[in-house]
Amino acid sequence: MSLSRSSAIPRSALTTMAASRRSVLGGLALSGLAVGGANLLAACGGDDSGPATGDGASVKFGINEAEGSGAAYDRLAAIADAYAKESGTEVSLNAVDHNTFQESINTYLQGTPDDVFTWFAGFRMAQFAENGLITDLSDQWPIDGLGDSFKEAATAPDGKQYFVPISYYPWAVFYRKSVFEDNGWAPPETNDDFMALMDDMQGKGITPFAFGDKDGWPAMGTFDILNMRLNGFDFHMSLMAGEEAWDGDEVKLVFDTWRQLLPYHQADPLGRTWQEAATAMNKGECGMYLLGTFVVDALGESGEDLDFFTFPQLDSSIPADSLDAPIDGFCVAAAGQNPDAGKAMAKWLGSAAAADAGNNAADAPFIAANSGASTSTYSDLQKKSVEVVSAAANIAQFMDRDTNADFANTVMIPSIQDFLKNPDDIDGITASIQEQADSIFS
Amino acid sequence: MTHIDEAPTPTGAVPRATAPPQGREKKLSGRDRLVVITMVTVPLALVLWLVWVPALGSVVLSFGKWNGFGDLDTIEWVGFQNYEDIVTIYPPFWPAIQHNLIWLGFLFLFPTVLGMLLAVVLDREMRGSRFYQTAFYMPVVLSLALIGFIWQLFYSRDQGLINDVFGTQIDWYGDPDINLWAVLVATAWRHTGYIMLIYLAGLKGVDASLREAAAVDGAGEVKTFFHVIFPVMRPINMVVIVIVVIESLRAFDLVWVINKGRNGLEVIGALVAQNVIGEATRYGFGSALAVIMMLISSVFITIYLRNVFREERRG
Numbered sequence: 001m002s003l004s005r006s007s008a009i010p011r012s013a014l015t016t017m018a019a020s021r022r023s024v025l026g027g028l029a030l031s032g033l034a035v036g037g038a039n040l041l042a043a044c045g046g047d048d049s050g051p052a053t054g055d056g057a058s059v060k061f062g063i064n065e066a067e068g069s070g071a072a073y074d075r076l077a078a079i080a081d082a083y084a085k086e087s088g089t090e091v092s093l094n095a096v097d098h099n100t101f102q103e104s105i106n107t108y109l110q111g112t113p114d115d116v117f118t119w120f121a122g123f124r125m126a127q128f129a130e131n132g133l134i135t136d137l138s139d140q141w142p143i144d145g146l147g148d149s150f151k152e153a154a155t156a157p158d159g160k161q162y163f164v165p166i167s168y169y170p171w172a173v174f175y176r177k178s179v180f181e182d183n184g185w186a187p188p189e190t191n192d193d194f195m196a197l198m199d200d201m202q203g204k205g206i207t208p209f210a211f212g213d214k215d216g217w218p219a220m221g222t223f224d225i226l227n228m229r230l231n232g233f234d235f236h237m238s239l240m241a242g243e244e245a246w247d248g249d250e251v252k253l254v255f256d257t258w259r260q261l262l263p264y265h266q267a268d269p270l271g272r273t274w275q276e277a278a279t280a281m282n283k284g285e286c287g288m289y290l291l292g293t294f295v296v297d298a299l300g301e302s303g304e305d306l307d308f309f310t311f312p313q314l315d316s317s318i319p320a321d322s323l324d325a326p327i328d329g330f331c332v333a334a335a336g337q338n339p340d341a342g343k344a345m346a347k348w349l350g351s352a353a354a355a356d357a358g359n360n361a362a363d364a365p366f367i368a369a370n371s372g373a374s375t376s377t378y379s380d381l382q383k384k385s386v387e388v389v390s391a392a393a394n395i396a397q398f399m400d401r402d403t404n405a406d407f408a409n410t411v412m413i414p415s416i417q418d419f420l421k422n423p424d425d426i427d428g429i430t431a432s433i434q435e436q437a438d439s440i441f442s
Numbered sequence: 001m002t003h004i005d006e007a008p009t010p011t012g013a014v015p016r017a018t019a020p021p022q023g024r025e026k027k028l029s030g031r032d033r034l035v036v037i038t039m040v041t042v043p044l045a046l047v048l049w050l051v052w053v054p055a056l057g058s059v060v061l062s063f064g065k066w067n068g069f070g071d072l073d074t075i076e077w078v079g080f081q082n083y084e085d086i087v088t089i090y091p092p093f094w095p096a097i098q099h100n101l102i103w104l105g106f107l108f109l110f111p112t113v114l115g116m117l118l119a120v121v122l123d124r125e126m127r128g129s130r131f132y133q134t135a136f137y138m139p140v141v142l143s144l145a146l147i148g149f150i151w152q153l154f155y156s157r158d159q160g161l162i163n164d165v166f167g168t169q170i171d172w173y174g175d176p177d178i179n180l181w182a183v184l185v186a187t188a189w190r191h192t193g194y195i196m197l198i199y200l201a202g203l204k205g206v207d208a209s210l211r212e213a214a215a216v217d218g219a220g221e222v223k224t225f226f227h228v229i230f231p232v233m234r235p236i237n238m239v240v241i242v243i244v245v246i247e248s249l250r251a252f253d254l255v256w257v258i259n260k261g262r263n264g265l266e267v268i269g270a271l272v273a274q275n276v277i278g279e280a281t282r283y284g285f286g287s288a289l290a291v292i293m294m295l296i297s298s299v300f301i302t303i304y305l306r307n308v309f310r311e312e313r314r315g
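Chains A and B are the protein sequences, given in the same order.
Residue numbers for the first sequence follow my numbering, so the first one is 1 and each next one is one higher.
Residue numbers for the second sequence follow my numbering, so the first one is 1 and each next one is one higher.
Same shape as in the complex, but just chain A (with noise of 0.2 Å):
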């Protein structure tokens, strides 16, 4: 979700056209019935699945960036392309704008979807497939150049694989190499050489960590880190899951370690949006940014001068060997016309051809999951990403994927925001986050 907006003011512009008070309320009850019929139509529709490959196959392909939307379409509908000349199936290409793809994925997937579309691993996608709106693929698994890791990706809480990754993105922290070579700074390895290397900062006057939490969604990236530094990745996921108490006291450690960490990051960030964040980086009043890659973008140039390292060791028992890095793929929808043709293409997907044919059509390409794709038109930053996410040992998705949206979107952005206002409060906040974590994951 967390690169999906990227492009701020635009996006959201659209969303509130298309979402005037009174087409919430209307929809409220409309969307029941709307529901209701939909699974009506998708029941009568038959089916009248054909071949799954080759000739007189066709399979429909749903995707969440719309036609003109740069390089992320580019690439999707090159891979629909390749995917067409290899297979000899007719692959129609339903291509939709990002936020209303994602506002609708609820009734696109109980009405009469695509047989394959766009979506994100973690919780978003486990959630679907408790609910039966998508397809078991663990026939298809494992694929070619795909390891472990993405598999245990794929997974869905009942073991079986749902999803098939095609890229990622890791957060980390970034840096421009100007600056620190220009300060004689080092990316740090341990905690005291942070601490040594965020005081030096401060002392030559640059605020250590460039920091925006307009949108909502940044700051949650601090959290997750910190989480998995303090408290291990198992215990950040079963928080994700709802499994653990938000006011107990690893949860107050995190809020607690952010607070003294709080005043080397830039004053006021709930009125700054990261890509203001971002230029106050690469403007040099800031040494460093924690985001994700797509950092890049908000810079306006091609990221030769930008660097980054994993966030440093906090407790000694816990190795720094987690990371958020969010992956992108597929899934096939239940309710499609030609389930067996959508789990051929899912398949394809994840190939090494499939990243290959997407990359070599776009500008700027992505960081292919698959291990055998060719890296040949990567920049240093992508290069660097795929040898840090492949030595990381345990990968989060974010925390926005990685827990229920409702939780996430409703209690986590408003309690993290206030705490940001009131760092001092933590029992208070924490205590308001479990009383309505009781309440949704009731």
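What the hints contain is simulated information worked out from the structure, not anything from laboratory work.
Please note that the accuracy of each hint is not assured.
[As the list claims (entries may be wrong)] Negatives, chain A to chain B, calculated, CB over 12 Å: (1) GLY216; (2) ASP380; (3) ALA405; (4) GLU435.
[Stated by the list, open to error] Result set (SDA-like, lysine to any residue): computed pairs, CA atoms no more than 20 Å apart in a straight line: (5) A:LYS421 <-> B:ASP175; (6) A:LYS160 <-> A:ASP340; (7) A:LYS421 <-> B:ILE170; (8) B:LYS65 <-> A:GLN434; (9) B:LYS65 <-> A:LYS204; (10) A:LYS421 <-> B:TRP181; (11) B:LYS65 <-> A:ASN106; (12) A:LYS421 <-> B:PHE309; (13) A:LYS421 <-> B:PRO231; (14) A:LYS204 <-> A:ASN106; (15) A:LYS421 <-> B:PRO176; (16) B:LYS65 <-> A:PHE441; (17) A:LYS283 <-> B:PRO231; (18) A:LYS421 <-> B:GLU312; (19) A:LYS421 <-> B:ILE89; (20) B:LYS65 <-> A:TYR378; (21) A:LYS160 <-> A:LYS177; (22) A:LYS252 <-> A:ASN106; (23) A:LYS283 <-> B:ASP158; (24) B:LYS65 <-> A:ASP340; (25) B:LYS223 <-> B:LEU203; (26) A:LYS347 <-> A:ASP144; (27) B:LYS204 <-> B:PRO231; (28) A:LYS283 <-> B:ASP164; (29) B:LYS65 <-> A:THR107; (30) A:LYS283 <-> B:GLY167; (31) B:LYS65 <-> A:ASN131; (32) A:LYS283 <-> B:ASN163; (33) B:LYS27 <-> B:LEU44; (34) B:LYS65 <-> A:GLY242; (35) B:LYS65 <-> A:ILE440; (36) A:LYS177 <-> A:PHE441; (37) B:LYS65 <-> A:ASP139.
Note that the structure is a prediction, hence the values are computed from the model and not measured.
All C-beta atoms in this analysis are idealised placements derived from N, C-alpha and C, irrespective of residue type, glycine included.
Place chain B on chain A using the hints.
Just chain B, lined up with the frame of chain A:
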């Protein structure tokens, strides 16, 4: 031979004979009746289908817990749980109520008064008044989403015009103590033009002889306005009151564009949207918020309708 002096032909009496009976027994022809029936039933059906069915649907949904997956029978009925949660453990709710009320008070105090003042000034047909009219009305044409974006260029903490010009570091959109007022100024920028136009139209409709009479009686400009013109514009005032109430209750677009109605910009409309649009799908919870909003609106609607009916009875 001439027929000029002949008595009126019997045809003259025909119209009177066939004239429809007056009063209650009036019978409509089949065609007229059909037209009337269509004119009543079609809008009625639309109102029922588009207003009352969704409204009642929201009320029903507000007693359930449903994430939108599966059929309607997967709704788990929880009674008043959603309402209880909203008023007890949902932190944005009370700030939202407060912000909607502040919004209402602010719109009444500033843009309405300012709009009225502008209308009076522009009504004097001074040079360039057309230009000013257009200039003040321009923001009304823009969508609130666009207005949010335009003002972002002024308000941005690091790159905004205001902080740049004055060398300040005020976090206009981010500081929860300030951002509501910053947004209200942006709203007022638009709302003033709207009110101005309505009053301008009202002023044009005021009978010129009233002004002359007042002038003859020796009333000054100010006195004439408050004692003669303003009372005559009572219908316009009612319209303005209704518009202000509606605008402040449905406050949504601007805060949604700015930060999706969080961090100091909570308003009920945005809370409803946060819970049911997009990735979060708390349909029951969101419906309960919508019902609360509906109840608040009905208080104002009731007051307004009572006023209108009393007016009619008196008239």
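Right, here's what the structure says about each hint:
1. GLY216: The claim breaks: A:GLY216 does not keep its Cβ more than 12 Å from every Cβ of chain B (closest is about 6 Å).
2. ASP380: holds (28 Å)
3. ALA405: violated (4 Å)
4. GLU435: The assertion about A:GLU435 is violated, with a minimum of 4 Å to chain B.
5. A:LYS421 <-> B:ASP175: Given that 20 Å is the threshold and the Cα spacing comes to 8 Å, the pair holds.
6. A:LYS160 <-> A:ASP340: holds (17 Å)
7. A:LYS421 <-> B:ILE170: Judged against 20 Å, a Cα distance of about 15 Å means the pair holds.
8. B:LYS65 <-> A:GLN434: Judged against 20 Å, a Cα distance of about 19 Å means the pair holds.
9. B:LYS65 <-> A:LYS204: violated (54 Å)
10. A:LYS421 <-> B:TRP181: Measuring from Cα to Cα gives roughly 18 Å; hence the hint holds.
11. B:LYS65 <-> A:ASN106: Holds. B:LYS65 to A:ASN106 sits at ~16 Å (cutoff 20 Å).
12. A:LYS421 <-> B:PHE309: violated (49 Å)
13. A:LYS421 <-> B:PRO231: Not OK: A:LYS421 and B:PRO231 at ~48 Å, beyond 20 Å, violated.
14. A:LYS204 <-> A:ASN106: violated (51 Å)
15. A:LYS421 <-> B:PRO176: The hint holds at about 8 Å.
16. B:LYS65 <-> A:PHE441: holds (11 Å)
17. A:LYS283 <-> B:PRO231: violated (60 Å)
18. A:LYS421 <-> B:GLU312: violated (53 Å)
19. A:LYS421 <-> B:ILE89: holds (19 Å)
20. B:LYS65 <-> A:TYR378: violated (47 Å)
21. A:LYS160 <-> A:LYS177: Violated, because 43 Å separates the two Cα atoms, which is more than 20 Å.
22. A:LYS252 <-> A:ASN106: violated (34 Å)
23. A:LYS283 <-> B:ASP158: holds (12 Å)
24. B:LYS65 <-> A:ASP340: violated (35 Å)
25. B:LYS223 <-> B:LEU203: Satisfied, since the Cα-Cα distance of roughly 16 Å is no more than 20 Å.
26. A:LYS347 <-> A:ASP144: holds (10 Å)
27. B:LYS204 <-> B:PRO231: Since the Cα atoms of B:LYS204 and B:PRO231 sit roughly 15 Å apart, the hinted pair holds (cutoff 20 Å).
28. A:LYS283 <-> B:ASP164: Between A:LYS283 and B:ASP164 the Cα gap is close to 17 Å, so the pair holds against 20 Å.
29. B:LYS65 <-> A:THR107: Answer holds: B:LYS65 to A:THR107 is near 17 Å, not above 20 Å.
30. A:LYS283 <-> B:GLY167: holds (18 Å)
31. B:LYS65 <-> A:ASN131: Roughly 16 Å between the alpha carbons, so the hint for B:LYS65 and A:ASN131 holds.
32. A:LYS283 <-> B:ASN163: Answer holds: A:LYS283 to B:ASN163 is near 18 Å, not above 20 Å.
33. B:LYS27 <-> B:LEU44: With Cα atoms ~23 Å apart, B:LYS27 and B:LEU44 exceed 20 Å; violated.
34. B:LYS65 <-> A:GLY242: holds (18 Å)
35. B:LYS65 <-> A:ILE440: holds (9 Å)
36. A:LYS177 <-> A:PHE441: Outside the cut-off at roughly 44 Å; violated.
37. B:LYS65 <-> A:ASP139: Judged against 20 Å, a Cα distance of about 35 Å means the pair is violated.
Comparing the model with each numbered hint stated earlier shows that hints 1, 3, 4, 9, 12, 13, 14, 17, 18, 20, 21, 22, 24, 33, 36 and 37 do not hold.
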